[in-house]
Every structure is written in C-alpha cells, then in structure tokens.
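Protein chains: 4
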Amino acid sequence: MAGNSFGNLFKLSTFGESHGPAIGGIIEGCPAGISLNMEAIQAEMDRRKPGQSAIVTQRKEPDTVEFYSGIFEGKTTGTPIGFVIHNTNQKSRDYSHIKDSYRPSHADYVYDQKYGFRDYRGGGRSSARETASRVVGGAIAKQLLEGISINAFVSQVGTLKLEKDFNELDLTKTESNPVRCPDPDTAARMEDYIKSVRKEGDTIGGVISCVIRNTPVGLGEPVFDKLHAQLGKAMLSINAVKGFEYGSGFKGVSMKGSEHNDLFNSDGSTKTNHSGGVQGGISNGMDIYFNVAFKPVATIIQAYETIDKEGNAVQAQGKGRHDPCVVPRAVPIVEAMAALVLADFVLLNRISKL
Amino acid sequence: MAGNSFGNLFKLSTFGESHGPAIGGIIEGCPAGISLNMEAIQAEMDRRKPGQSAIVTQRKEPDTVEFYSGIFEGKTTGTPIGFVIHNTNQKSRDYSHIKDSYRPSHADYVYDQKYGFRDYRGGGRSSARETASRVVGGAIAKQLLEGISINAFVSQVGTLKLEKDFNELDLTKTESNPVRCPDPDTAARMEDYIKSVRKEGDTIGGVISCVIRNTPVGLGEPVFDKLHAQLGKAMLSINAVKGFEYGSGFKGVSMKGSEHNDLFNSDGSTKTNHSGGVQGGISNGMDIYFNVAFKPVATIIQAYETIDKEGNAVQAQGKGRHDPCVVPRAVPIVEAMAALVLADFVLLNRISKL
Amino acid sequence: MAGNSFGNLFKLSTFGESHGPAIGGIIEGCPAGISLNMEAIQAEMDRRKPGQSAIVTQRKEPDTVEFYSGIFEGKTTGTPIGFVIHNTNQKSRDYSHIKDSYRPSHADYVYDQKYGFRDYRGGGRSSARETASRVVGGAIAKQLLEGISINAFVSQVGTLKLEKDFNELDLTKTESNPVRCPDPDTAARMEDYIKSVRKEGDTIGGVISCVIRNTPVGLGEPVFDKLHAQLGKAMLSINAVKGFEYGSGFKGVSMKGSEHNDLFNSDGSTKTNHSGGVQGGISNGMDIYFNVAFKPVATIIQAYETIDKEGNAVQAQGKGRHDPCVVPRAVPIVEAMAALVLADFVLLNRISKL
Amino acid sequence: MAGNSFGNLFKLSTFGESHGPAIGGIIEGCPAGISLNMEAIQAEMDRRKPGQSAIVTQRKEPDTVEFYSGIFEGKTTGTPIGFVIHNTNQKSRDYSHIKDSYRPSHADYVYDQKYGFRDYRGGGRSSARETASRVVGGAIAKQLLEGISINAFVSQVGTLKLEKDFNELDLTKTESNPVRCPDPDTAARMEDYIKSVRKEGDTIGGVISCVIRNTPVGLGEPVFDKLHAQLGKAMLSINAVKGFEYGSGFKGVSMKGSEHNDLFNSDGSTKTNHSGGVQGGISNGMDIYFNVAFKPVATIIQAYETIDKEGNAVQAQGKGRHDPCVVPRAVPIVEAMAALVLADFVLLNRISKL
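Residue numbers (the working numbering), protein chains in the order written: chain A, 37 to 390; chain B, 37 to 390; chain C, 37 to 390; chain D, 37 to 390.
Incorrect hints may have been included.
One copy or two, either will do: identical chains are not told apart, so a pair holds if it fits within one copy or between any two.
To be verified - Taking lysine-lysine and the DSS-like style, the derived pairs with C-alpha atoms no more than 30 Å apart in a straight line are:
no.: 1; residue 1: K96; residue 2: K292
no.: 2; residue 1: K292; residue 2: K197
no.: 3; residue 1: K96; residue 2: K235
no.: 4; residue 1: K209; residue 2: K135
no.: 5; residue 1: K96; residue 2: K307
no.: 6; residue 1: K111; residue 2: K355
no.: 7; residue 1: K197; residue 2: K231
Honestly, the hints are just simulated from the structure, not real lab data. Note that this is a predicted model, so its numbers are computed, not measured.
Construct the entire structure; sequences and hints are all you get.
Shown next as structure tokens:
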C-alpha cells in the first residue's frame, strides 16, 4: 500500500535506508520445496555491489545476505523468507552539505515536503542501495522460474548505441566486460566513454535491454495487470529510469497494421515478433524483449548552485564515490525485477483454470 | 489480484465483455461529499465513444452510464459507486470467422491457452470496449482532483510528428479537431493521413502526450509505487500501448548529469524540468509530462493467413467497423488513467504525516 | 481497501444501497471452465429473499440476479463476473421519520459522523439488503467447491436452544421448516416463539451453527489469515452478528489440555474434534463447525425516544415490514460467506508447494 | 496475501520461526513524525516475554528488538520500519521426538500436508513466538493512537470467572499480579489454580477481556471490514484462540430488541452500551469491549499416544518449558492486535470525506 511491496502472490517487501544499520526484506508467497542455490543468490548480489570494476563507484561493501527464516535444510518452507543485508560502509561522516540544502534532481526536496523531514544521510530510502534487496528477491524468483532465461544487457551509453538485433548477440558474453554489453567492440567503446565522462566529474545515461526466453504461454492478468504493464511498472520503479518500451516499442508507432501484425505458424508461434512476446497482456511463448531508459546519475562531482530549506541560494560541491553511469550495475536489477514479475504471474496462472 | 482492479485507495474494478449484455464497474474509496457534475462524466464518455467523427470506427453506441449506488442527492456518499453501460450494438451476427481461428496480434490465441476457451464474440474481455468503464472512473477522479489539469493530445500519427514543445501549444485546441492534436496544421495533415490509411484497409500507430499541471508536491509512494511507475503501468494497461516515457524519457539517455539536473529556484520550483515533474518517484510541483506509444490497430480490412485451433493454416478476411488509428479516441482514456493514478496518490498522501 | 471487497484470489466486491436502483457486485478470480448451475444460484437467492414465510419480513422482492459478464455458453470464462439485482420494492414513501432522527442501534448516527451525510432511505449501505450480493458470490463459490458440503442451521432463538450435537442431527431437514432448524420439535417451538415476539412488535436474537464436511487438508494461510480467523471475520461482517466461536469455542476455556487435545488415528484423522477441523489455522480434514451469535433486530414496531441531528430529544415510532428474528433468513448468508472463505483458500492452496 | 501481513494502511508483515536465527517484521504505513518512546516498546515486549513470573514458561529470552530502518533522530520517517528479534534460546537439542511424529492439536501434521515438509524444530512458524513481532507492531501503533486507551486483562481461567462488569474494575491493577487480572482476589485464586494445573503437567484455557476507551467516532469500513469484524479476525489469528464476542456477545442472543437497543443521549452517546461501541461496523465513541476465548495449551508434560509420518502409532512424552495457561502472556498480544486494527482504521478514516 505504502509502496514498499512488489507483487501479489510472489511478493517482495523491502525496508532500509542507505545509511541505517541494515536494509532487508521479506519474500512472501514463495512456494515450499525449492532447493535453493545460495551461491547463485550471492553471485547476483556481487553483480550489483559497488566496487566491482573501474567504471563503477569505488565504495566497498560486501553485500552479504543473511537469511533469517523461510528456509530449512536448504529448501524453502512456504513461510516468509526474512533477510537482512547489513550496511557496513556508513561512515560517520559529515552530512552537513546535504542536511541543510537540496541536491538538484535528487529526492531530498520532495521527501522533506511529503514527510515533513528526512533521513538526510545519503539518499536515505531513495538511495539505489535499496535495490540490493530487490536483487535478493529476484535471485530467489529466478530459481522458481527454472527453465526460463532472463538476460539483460547494456545496449546504449550516452549516444553510443548497440545497433544489432538481440538475436544477433551472444548473450553469454554480457558478463565478460565491466559495461555488461555483449558486443565486445561496443563494450570497449562504452567503457572508454564512461571513463572520460567520469574524468569530467560528470555522469551519463544509458539503456538496458532485456530478453526473456522460454516463457510459458499464459502469463499476465488482463486487463490492468497485463504482463507488459507490470514489467513496465517494475522497471520504472528502478532509480533513474525514464522510459520503457517492449516489442516494437516507440518504433512501432510508425508501422502499419499490415506490417506489424505477427502471423502465426502452425504451432502457435509467430513468424515475426513485433508483439514482443506479449499479446493482449498475456505471454504467447515468443521471446519477450524490452528496453529501459536510464537518465544520467544526478550526483556529479562538480560545484553547483542550489537552495537550502529556507529557499536561500547556496553553493554546493558534489563529492563522494558515485557511479558515472548507472547501467552496468543496473543490469542485475533489471533482471531481478523481471524475475519478480514473472514469478508472480507463474503463480497467478495456476488459478486461471478449473 | 486477478487484474481487474486499478488503484489502492481510489480503486476502479471493471467487468464486461464487448458483446455481453453490459460492461461496468465499481469505484471504491471515493470520498464522501463530492458534488458530481453528471454532464461532465457523460461528456468524457462522448469523447471516447465510437462514431463521433469520420476518422474513427463508424459503429454507433451511445455509451450511456447508469449509476446504481454511491451517489445521493447529487453527491458521493463514500460508499462504492456501481455503474453499468449497456452494450447496445452487439449484433447477433456471424462470428464463425473468429470463433475457430485466431486473428494475428489479437488476444484470441493467448486467451484460449490461458483459460481453456474464450468468449469469441469480438474481442470479449480483451476488447478496448472495456476502456469505457475506465473513462467513467477517470471522470469521477477528475472531479476529486479539482484544480489539477490533465491534458492529453495526439502528438504523432505514423511518422507525422508534432515537433513543438508542449509549452508552445494551446492545449485548449485539442478538442477542436477530430484527431485531437492541438496544432491545427499538424492535425489537418494527420487527419488526411489517417483517411488514406483507412482507404487501404490498413491501420497506423501513434503517440499521445499528456501534461498534468498544478499537482501538489508529494504525490507518489516510493519505492515501488513511484508516481511515474504507476503512471507507466496505467498507460501500458491501455490496449495497443507499446511504450511509455516521462520527462526527458529516452532522449535523457544521451544527456550528461550536468545538463540534465534541474536546478532549483528559491521557491522549490526548478529552472528546467527534465525530471518531468517527478523526483524520486514523488511529484515536485512542476508540470508532469509523458508520452505513450500506440501500435497500429491489429484489425485490418484485408485478407490474411492464420491458423485455426488445430493449427491448420486458414485464409481469413478482416471485416467490420474498426478504427484505422486508435489515438484520437484514446486521448480521453489516457487522461482517465492519469486521473485514476493521481486520485489514488492524493488520498494516500493524506496519511504520509502525523 | 475501503471495505467493500472480500477475499484475495476468489474475491467478491459489492455495491448498492437498499433503496437505490440496484445492488450488485463483481466476482473476480473465479477460475475458467466451471459449468454453472444457474438454477442453484437463484435457489440460494430464494432462501434469503423477503416474504418467503410467515416469520420473516413480508416485503416482496423477487431478487432476480442478472449476470452481465464472465459467463459464456454456460461456463465461467475466467474474467470477472459482473451481476446486478434490481431493487424493485423501493416505494417512494416518506422517510422523514428517519431522515432527521437517528434510529437507536442502527448505523444512522455513525454514517452521518463518518461520511458527513448519508443516504437516509432505509438503511442505505448498512442495510442487510447488501447480503443478497454475498449470496450470489457464495452460490458461485459453492460450485467451485464441489464435493465440500456447507450446512448452516438455526441452533438457538432467544433462550430456546437446540441441545443436540451436530452429529446427531439430520441436516437435510434444515429446509423443511421456516425457522431452518433441523430438529422438527425445536423448530416448531422456535416458530411459535418468533410469532409471539412479533406480536409484541419486538424482536429476538439467535444463533446459527454451521458444519463444513469433506474439506481437503491444507486450507488456511497462517499466521494472520488462519482459516478460522477468516471465517470469523466473514461471519462478523454479517449484519447483527455479535460473536463467533469454532470447535470447542468458549466452552474449551474450561477444559484441560489433556482432555482437549485431539489424538490421532493412523490415517491422520482425530479421535475427537475439539479443534473444529482447524489446527494452527489450517484445515485438518475433520468437520469444521462453528457458531455465530446474532443480536435482536434493531427495528422494533414500538414507540421509542431518540435524538435528531441537532441532539434534540424526539419521539419516533418503528414501522414497516421487518424481520422479528434475523436467523432464519441469515442461514444462506452464513453459508455464502463460508463458501467465499473456502473458495479463496482452495485457490491459495494451489500455490503452497512447488 | 500468503497470510503474513495484517492491516491495509498501517500494515505489519512478520517473518520467522521459533528456532531460526531471528524473527522480525516490517511496519509499513506508519506516518512520519511520531516521536517514538523506545522504552515503551521494550516494556511491551517484556510483558510478553517468557520467564517473567512463576506461572509462565521458564524459558529465558530477553526479546530485545533491533530497529533497522524507518526511524531517524527518534522519529518515524514515513518509510518502512524494519526490525529483528534474535532468537537467543534455540538450543541445539534433540528434536527427534517431534521430527518424526505429530504432536496432537499442534500444527505439525497440517504443515506437513500443506507444504510437503516442515521446520520441525519446535513449532516453527506456527509457534506463538511469532507474536513477539506483533507486540512490536502494536507498541508502535499504540503511540500513533495517543489518547485512546487499550486495556486487556484476564477475566477467566478454566472455570474461575471474574464476574464483575468491566466498569467496576480498576484496570490500572492489571499489571499488579502475574495473572494480569485486575481483581486481586480473583487473581490470587487464578494463580493458585494455574500452579496446581502445572503440577499435574497439564494446561488450562482462559478468557481475555479488552476495553478500548476514547475512540473517535467513525472507525471501521463497512461492509466487510467492519470494526468488530477486523477485531475478531485479529484476535482469532492469535495462537490458541477459539472464540470472539463483543458488546452483548453470545448473551445478546437471548435479549429482545426493546431491551438491547441503546437509546441516545443528546450528545450522541448512548444510555446503555450493548452495542459494545460499534454500530453498523463503525465506532460510535462509546467504550469498545470484547472477550477472547483461549483453549488450553496443547503441550502437556505427560505421556501421550500419537502417529508418525507413516501413520504408525507411537508413544511420546511432552517435555520442555511451556506455559500451563496462555492467557497471562497473551494480554499484551491482545492489546497489540487491537492497536494494529485501530491504527489502520484511524488512517483509513482520514480519507472517508472530501
């Protein structure tokens, strides 16, 4: 209700601020009897954690998940899975530069307005640190979704765009470079570009594409909880996301119906896939694919003008260890959110027929 | 849960198939004491109804709303508002062409797979007829939102694009032409284009832009129910939508943080508005603006190949009275869904502080 | 959220006031493929309707249900089932006696306080007329629950108590008398008693007992949505209910653990059933049984003192056609609510295991 | 959804098994700006904790709550409050006696049936240890409800019944004795009786009564979420509860309408209060009072017969440190659940009117 939960049947609730003692969450509705691969869960955490490469923030946090419930003898018990990730990197440092003034394009101002005051240490609840809990939920959802593959990758950084269709890419190469772009040449150029942006103390946006394969037919709950509507909400709920499109997306606008319609093969598959694996809000078994647009990170390591609580103009200076481009670390988050959406619909689909 | 409701506190649930006796819904959570303007509600219905101009479907349905509860002596009572719109145009015609075969890029196939069988008369539940109920809900939400303006308009049809910034447009002109594009020249060209597409028996996509003004600061419930995430879901739940972007959107990807950040004025407003009126998922009082991409309507008046239930290839022929381009009639639907999102957050915001 | 829906997966939402044009509702989450027996649904309505015998209100309303969606060719389609029951008996009579004053132990006063004003024609939303929609939902739930039997009956009227254990009763006799007490002798005494109370213009309370047989093991969702907690809420939500107990109930308080514990047979059934078919909030396959206490109807056909909106003392006189004792007509409502609870848990149980 | 959350706006979700590393939960929807009294929270925990007196279980657990989020500089921030209580008393002991056999009237059997297997160490999720998290939630809810008093007390143990009306009692004396009965004489007799039952290795049931004063008019959301229906569900969700009644309760059955109706005073209060402070599901400002029946604890320190997983008859022996009577420690749990219900309705009531 108050925005801290995602999902209906397979449901993740998260808590925690960036500079409190811990973040964490509860996963409800995970069916009993899943033999959990704990290493796989931690591996997802490691893909998201700070400090993993030269083009991401140099903060160091191990992001070790502690599970407190819902797992017994290696298997899910059907009861809620409570977990905690201790914040180990909250320095008792000076927050006065953000305590009394509002950082542009951050949530500082609106939190103060909405709640009357805010935890001003770092981003508090609005920090992307919260997404670590989403990765835990997504990692468990992925294990429920055995057989379905979810592969996100960076397809654009600034104006540098991977022009290939996803079918031409070898998605197993995504993890072979720090940018998480499966095309090595493009990845190298993106990496250089991100480094040059960082040198300026600036930041840059990007696009993550995601491909989901081997989805059963029938996922999605029309009319409001269409599969792509829930995917869209999931993606738009990630920090810094400004847009979502699936299948033909914004390009589909310029097509005629006679081109856009996906004709059937005899097995129910389609000859083309402008639909992006979803028709009428329900998966049709074809590859689901979508793009997610991320704006440039708001924290820049430059001087800027802003206001304090009383509206006085003040000078401020960005500092700290921040990502020059968010998309490399956001790849596992996109996958996690997609997994949460699918897990929920897989369970909901168990009740669609007598 | 099963996808037929939208909203948490201000909540619309809808029922109904395109060719059953009636569609309708329940609006829950509407506060008591709103003096309803019933003409304004019907006027919204009339903006969406078929047959209103030469460039939309020529079906005739009055779409008269009957209210059964929740309103007394002209005011909302705080109890659920039940309403019904009778389907007056369901001809007892021959559905055999769609009963036994699947229309490409429609929901026929996936409904059969998900539910085991389907109401094959027209689109059934997947028909955009259902959106009439959304317009009822949105029309009442608008009355709760007195003072906030929500203006949607057509900004692209096929490759014909309205290149002006929304601040340069006179949005009061949107209703002055059947396309619902506030720029008369562009509107005229769009109208001609839609007519030419219809002559081919084909269809074309489009984009609807929407601007929301005078929103209070504080709407949106992080971290999952961010204002733009809920708007995105709302828009993506509308038939034929393929993409959503707000503020700088997909273009923001190519910007640097130093350009993209919106610097503050002393009153908390910002000098630029790349954020699109939303920061950290919460409205900041600036104009909210977003774009919604619609694919071309799947029903074309041409011969096509498809399969029957057994997977045999069959020849079929599109027929009936359909929209060549969905965006003119979708403008009030976009507004309705936006109003539902805002109404919900306005109520939720009443409980954010002690 | 606002209290007009019941259930999570199998969910009934209702709307409607006693003297508006219609009441009705939406049933969401009913799986596709149930061949509905429409006569059975109307038969349940007839058990609840006014005017069916000499000991209930003499109002005449046919309570015919019109289904508008979710059913095609006699089967549920998996889409929401919208239905309406037109109010045919709202006389354009004089409501001035209740418009300006508050009937004692009715909801008039609290509705005015909570919502600022109220639909003063009859009970409005607080009228038991709303339960007709529950009976529709319950009648469909019963058809999903094929094989499970739900039998409610009157076990007490005033101080007249049916002292037999439910296992000694022939529950097929419940419908053989207007009181709905399966013991003919007790039923006859209850009937006479109710008639004598009516003659005084007074009313009397009663108890309904309910027995549910052939429930699968596993229904109920601990820790908050225990089977008996949901049953309790369901029953307490019925107009005039003051108490709920299941299994050993209030009498179990005086027992020792050594007496109360239900020892197992080798097949998992138990030798005694003080648990009432529920252990740890989950059905164990034994008979579920519970009691529901109803207070005397508040409308008495006598003169009484009360206050008007300004707090002035006024004299008033009860009139109209009302039930002298609510329990005979409440028997199908108790069954309907029990069916709604079970249907929801049957669906939820589909997702408890991998 | 899966039963681990309570409340709509003010919402508690809990996780944790009795013998895992920790239990805990998340409180969502708590408004920002409450200055929390942390000692008061721990004091509530201490009222529930084991080992506090001679008539409760002699296990020792400090039940210290650690808050991880949602509180900053002593005040609630409006973001979710995550908390954890470490289990410090889980001995690595031998569970073989319960691993392979089912304890009568426990949840062992039904958990195995529902989930396929279970955490067999102690009661796992079905243990009353989970209620410690409810007390945390309730303690914070109480601070939101400043001005409203919630007082539960033991009114019956076995057949020993406190016969006084709650208005004759001095409820400040409840904490003056280990039984938590505000009448010293009755308390002493109850204490002796519990001790004698314990000597037999047996257990006994009891009743907790609860009185809520100074509630505003208007709490409760008809028709399904009536105030007393939600209170009933809350109470029935507590371990070992078998019944709930409010106001006149089961005794009201035998009253006539003319006696039972509560006549108004000129200020809207009523001369009698058979309604128990709730009319039509909405608080009317009078004292809310209700009774909750608890069965005898199932764990007895005696030999008993039961079955193993294969259905073979086995002999077993109850052991460990258990409560001979659950009601003294359940008093703060009843208050906590009542506080959760009220906090939710207080917030919901903020949106009932324009």
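How the hints compare with the structure:
Within a single copy, K96 and K292 get their C-alpha atoms only as close as 51 Å, which misses the 30 Å cut-off; across copies the closest is 25 Å, which meets it. Taking the closest pair of Cα atoms, K292 and K197 come within 30 Å of each other both inside a single copy (26 Å) and across two copies (16 Å). In the homo-oligomer, the alpha carbons of K96 and K235 lie at most 30 Å apart inside one protomer (20 Å), although the nearest pairing across protomers, at 58 Å, exceeds that limit. In the homo-oligomer, the alpha carbons of K209 and K135 never lie at most 30 Å apart, since the shortest distance is 43 Å inside one protomer and 45 Å across protomers.
Within a single copy, K96 and K307 get their C-alpha atoms no closer than 48 Å, and across copies no closer than 36 Å, so neither meets the 30 Å cut-off. When the C-alpha separation of K111 and K355 is checked against a cutoff of 30 Å, the pair qualifies only between copies, where the shortest distance is 28 Å, while the shortest distance within a copy is 44 Å. Taking the closest pair of Cα atoms, K197 and K231 come within 30 Å of each other only inside a single copy of the chain (17 Å); across copies the shortest separation is 36 Å, beyond that limit.
Of the numbered hints listed earlier, those contradicted by the structure are 4 and 5.
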